[in-house]
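Input sequences plus hints: build the corresponding full structure.
Chains as they are written, first to last, in the numbering used here: chain X, 1 to 195; chain F, 1 to 341.
Note that these hints are calculated values from the structure, not bench results.
Every value quoted in this text rests on a predicted model; they were computed, and no experiment measured them.
Heads up, some of the hints might be wrong.
Example chain F residues on the side facing chain X (calculated, C-beta under 7 angstroms, incomplete) [claimed, not checked]:
{"hint": "1", "residue": "9"}
{"hint": "2", "residue": "118"}
{"hint": "3", "residue": "122"}
{"hint": "4", "residue": "123"}
{"hint": "5", "residue": "130"}
{"hint": "6", "residue": "140"}
{"hint": "7", "residue": "144"}
{"hint": "8", "residue": "159"}
Virtual Cβ for every residue (Gly too), placed ideally from N, Cα, C.
Spelled out from the first residue to the last, the chains are:
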Amino acid sequence: MTEKILFIVFAALAVAGGIGTITRKNVVHALLVLVFVFLNVAAIFFLTQAYFLAVVQILVYAGAIMVLFVFVIMLLNLRTFEQEEQTHRRQRWIALALSILVLAEFVIVLAGITFTSARGGFTPEVISAAGDGTKVFGDAFFNNMLLPFEVASVVLLVAMVGAIILVKREKTAGATTRVWEPGERPTPEALEEEV
Amino acid sequence: MSDPVAQLIFLIIKAIVMPVLIILIVAFAIFFERKFAGFFAGRVGPTYLGPWGSLQSFGDIFKLISKEDLIPAKSDKPVFKLAPYIAFVPVFLVMAVIPFGPVGGEANLFGYRFDYVIASFDAGLVLFLAMGAMAVYGVVLGGWSSNSNYSLLGGLRAGAQMISYELAMGFSAAGVMLMAGSMSLIDIVDGQAGNFWDWYWIPQIVGGLVFFVASIAELNRTPFDLAEAEQELVAGHLTEYSGMRWGMFYFAEYVNLVVVSMIVSTLYLGGWRAPLEVLDFIPGPIWLFLKICFLIFVYMWVRWTIIRYRYNQLMSIGWKVLLPLSIANLLVTAVVISAVN
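As C-alpha cells, this is what we get:
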C-alpha cells in the first residue's frame with residue numbers, strides 16, 4: 001500500500017516535471033526541471049528495489065549527461081528559447097502529428113498493464129535469492145544480453161568518435177602558431193589576426 | 001516491542017544522531033583548518049573565543065546568520081536561492097550508506113539487532129559517485145545564476161574540473177569493487193577483515209593515491225581550488241553570495257570533506273576496523289572517527305603546503321596522469337584477481 005502511494009506521488013511529480021521541462025522559456029530552468037524528472041524516475045527504481053539501476057540513473061543521466069548540457073548552455077550563454085521559436089515555426093504541425101502518434105503507441109502498449117501484470121521475472125524474492133540487484137544486472141548483461149550490450153557500446157563509441165571529428169577544427173594549410181618573444185606585448189590587431 | 005518496530009526506532013535515532021555528530025566534527029574541522037593554516041604560516045590562528053580559540057566556528061556561524069541576505073538584482077533569483085541547497089543535500093545523503101560498525105549478525109543491544117549503518121544498500125559506492133556528480137550542480141548553477149563574469153568562470157571551471165576528476169575517481173574505486181566483489185560499502189569493509197596489512201591500501205596503493213588526489217579536486221581544495229582562485233576570480237562561484245547562503249556553500253564543502261574522509265577510510269583503510277585484531281574491543285565508530293581525523297589532517301596538510309596549479313596543469317594531471325593510472329590499476333587488479341581465482 002505504501003509502495004503504491006509513493007509510486008503515485010513520484011510518478012505524478014515526474015509527469016509534472018516533464019510538463020515543466022517543455023513549457024519553460026529559460027533553457028537552464030528547463031534543464032533543472034528535467035534533472036528533477038530523472039531524480040523522480042530514480043526514486044521509482046528505488047521503490048522496485050532496483051538500487052543499482054536507480055543510482056546509475058542519477059549518475060549517468062542527472063550527473064553526467066545533464067551536467068554537460070548545462071555546461072554547453074552556460075558557455076553559449078543561451079537564456080531563452082525565443083529566437084529558436086521563430087526559426088522552427090513550420091515544424092510545429094509535423095511535431096504535433098508525430099507526438100500524437102507516439103502518444104497513441106504508448107496508450108496501446110500501456111493499456112493492458114496493471115500493478116501486478118507489469119512484474120517481470122525479477123521479483124524481490126528472485127533478486128535476494130541471487131545475492132543482490134547488482135549481481136542480477138551483471139549476469140543479465142554479460143550472459144544473456146552480451147551481444148546487444150557490445151553492439152550498444154560500439155554504437156556509442158562511433159557516436160563519440162563522430163562527435164570529435166565533427167567539432168575538431170582543421171588547421172588551415174600554411175598557418176603556424178605565432179611564437180611570442182618574452183616581454184613582447186600583443187597589439188589588438190595582431191591578436192585579431194591570430195583568431 | 002517487535003523487531004521491525006525496534007529497527008524503525010533505531011533507524012530514526014541513527015538518522016538524527018549521525019548528521020548531528022558530523023556537523024559537530026565539521027565545526028571543529030573548520031576551527032582546526034584555521035589553526036593549522038596559522039601554524040603552517042608561522043602564525044597562531046584564532047585565539048579569542050573560548051579556550052585556545054576553540055569556539056571560533058560558533059562565532060562564525062552567528063556572524064553569518066546575522067548578516068543581511070543580499071541577492072543581486074540581475075541574478076536568476078529562483079536558481080540563485082536553490083543552488084546552496086543543491087550543494088548541501090547530496091553530501092548528506094551519502095552518510096546513509098557508510099557503515100560505522102558491524103552490520104548484521106547476532107542481537108547486540110537490549111535483545112535487538114543494531115546495525116551500525118543507516119541504510120544497508122547494495123550499491124553504496126556508486127551512490128557516493130552519483131552524489132558527487134549531483135554536487136556539481138550546486139557550484140555550476142550558483143556560478144551561472146549570479147549573472148557575473150567571475151561567478152560564471154568559477155562555475156565553469158568547477159564543472160570542468162569535477163567532470164574530469166570524477167572519471168579517475170570512479171575507475172580507481174572500481175579496483176576496490178573488484179577486490180571486494182561488491183559495490184556495497186558494508187561488504188567492502190568486511191573484505192578488509194584482519195590487521196592493518198589486510199586492508200586494501202597495500203594491494204590498491206596506486207588506486208588509493210589516485211582516489212585521494214581526485215578527491216582533493218572533488219572537494220575543491222588547494223591545489224585544485226581553481227573555481228575560487230581569489231587572485232584571478234575574486235571568489236569564483238561564491239562571489240555574489242553573502243551571509244548564510246555563502247555559509248551553506250562553505251559548510252557543504254566541509255561536510256563533504258568529512259564524508260570523503262569516511263569514504264577513503266572505508267575503501268582503503270579498513271573502515272571501522274581496528275588496525276590490529278587484538279584492539280577489536282574498542283568499538284568501531286571510535287576507529288572510524290580516528291581515521292577521519294587523520295585524513296582530515298592530511299587534507300589540511302596538503303592544502304596549506306602545495307600551491308595552486310594552473311588550469312592547463314590541472315587538466316593535464318586529470319586526463320594524462322590520473323586517468324591512465326587508474327585504468328592501468330583496474331586492469332592489473334582484474335588480471336591478478338582472475339589469475340588467483
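Hints violated by the structure (listed by number, smallest first): Numbers 1, 2 - these are the hints that the structure violates, sorted from lowest upward.
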